[in-house]
Amino acid sequence: GENVEQHPSTLSVQEGDSAVIKCTYSDSASNYFPWYKQELGKRPQLIIDIRSNVGEKKDQRIAVTLNKTAKHFSLHITETQPEDSAVYFCAASIEGGGADGLTFGKGTHLIIQP
Amino acid sequence: DTEVTQTPKHLVMGMTNKKSLKCEQHMGHRAMYWYKQKAKKPPELMFVYSYEKLSINESVPSRFSPECPNSSLLNLHLHALQPEDSALYLCASSQGFLAGELFFGEGSRLTVL
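Going down the list, the sequences are from chains A and B. Our numbering puts the first residue of the first sequence at 1, with every later residue one more than the last. Our numbering puts the first residue of the second sequence at 1, with every later residue one more than the last.
None of these hints come from the bench; they were simulated from the model. Treat the hints with caution; some may be incorrect.
With a cut-off of at most 30 Å between alpha-carbon atoms, the simulated DSSO-like pairs for lysine-lysine come out as follows [stated by the list, open to error]:
| # | chain 1 | residue 1 | chain 2 | residue 2 |
| --- | --- | --- | --- | --- |
| 1 | B | Lys53 | A | Lys68 |
| 2 | B | Lys40 | A | Lys106 |
| 3 | B | Lys19 | A | Lys42 |
| 4 | A | Lys22 | A | Lys57 |
| 5 | B | Lys53 | B | Lys38 |
| 6 | A | Lys42 | A | Lys57 |
| 7 | A | Lys68 | A | Lys106 |
| 8 | A | Lys58 | B | Lys53 |
| 9 | A | Lys22 | B | Lys38 |
| 10 | B | Lys22 | A | Lys71 |
| 11 | B | Lys41 | A | Lys71 |
| 12 | B | Lys19 | A | Lys57 |
| 13 | B | Lys22 | B | Lys53 |
| 14 | A | Lys42 | B | Lys40 |
| 15 | A | Lys106 | B | Lys22 |
| 16 | A | Lys71 | B | Lys19 |
| 17 | B | Lys53 | A | Lys22 |
| 18 | B | Lys53 | A | Lys71 |
| 19 | B | Lys19 | A | Lys58 |
| 20 | B | Lys36 | A | Lys71 |
| 21 | A | Lys106 | B | Lys36 |
| 22 | A | Lys57 | B | Lys53 |
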């Protein structure tokens, strides 16, 4: 089955700086790569996703890049703000065709220092 | 309505009790999921229903019994649980089976004494 590795496990950045979280996956058939944000005591919520037919996607301060050859994808957050503090999970799946659904990374605890 | 609602928010039960967790969505989604999440860990898939039929059971012990009475409702029946089953139980839904965004509920925090 799919295996997703996520780094770092904890990331502390100054407010206003950029944050980058990296994930690698093992199954070359995976074609859907979402990122979920989970604030303390709250539900996970999708913040951005990318499918294997594109290499990059942006939504305001958030961007995701995908390198299919190297089987890795990254989340980039620019101009970080205190409300960005949360745990971020990357995930991978074979959309609509896999047997196991999303495989999540272990999560990155992002801390924004004021 | 883009919400998945779960009840109860908190549940404390003994190892001999029988209880149920409930989940509801009115987005017309045809796939519904149960996940288990331990502290500081990612969600772990337990069950998936597609068009009200159980499609995936991730080798979950029989003390957890899912039920999908209709396309909007999902239950998780609990019986003879162990203390290690204490966790946050998250319900989710998606428009398609294993496809697209997962909409999570706020979860039911379960403590087994």
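Structure-based check of all given hints:
no.	hint	in the structure
1	B/Lys53 with A/Lys68	violated, 34 Å
2	B/Lys40 with A/Lys106	holds, 8 Å
3	B/Lys19 with A/Lys42	holds, 23 Å
4	A/Lys22 with A/Lys57	holds, 15 Å
5	B/Lys53 with B/Lys38	holds, 27 Å
6	A/Lys42 with A/Lys57	holds, 26 Å
7	A/Lys68 with A/Lys106	holds, 21 Å
8	A/Lys58 with B/Lys53	violated, 36 Å
9	A/Lys22 with B/Lys38	holds, 22 Å
10	B/Lys22 with A/Lys71	violated, 38 Å
11	B/Lys41 with A/Lys71	holds, 23 Å
12	B/Lys19 with A/Lys57	violated, 44 Å
13	B/Lys22 with B/Lys53	holds, 17 Å
14	A/Lys42 with B/Lys40	holds, 13 Å
15	A/Lys106 with B/Lys22	holds, 27 Å
16	A/Lys71 with B/Lys19	violated, 43 Å
17	B/Lys53 with A/Lys22	violated, 36 Å
18	B/Lys53 with A/Lys71	violated, 33 Å
19	B/Lys19 with A/Lys58	violated, 44 Å
20	B/Lys36 with A/Lys71	holds, 27 Å
21	A/Lys106 with B/Lys36	holds, 14 Å
22	A/Lys57 with B/Lys53	violated, 35 Å
When the structure is compared with the earlier hints, violations turn up for hints 1, 8, 10, 12, 16, 17, 18, 19, 22 and for no others.
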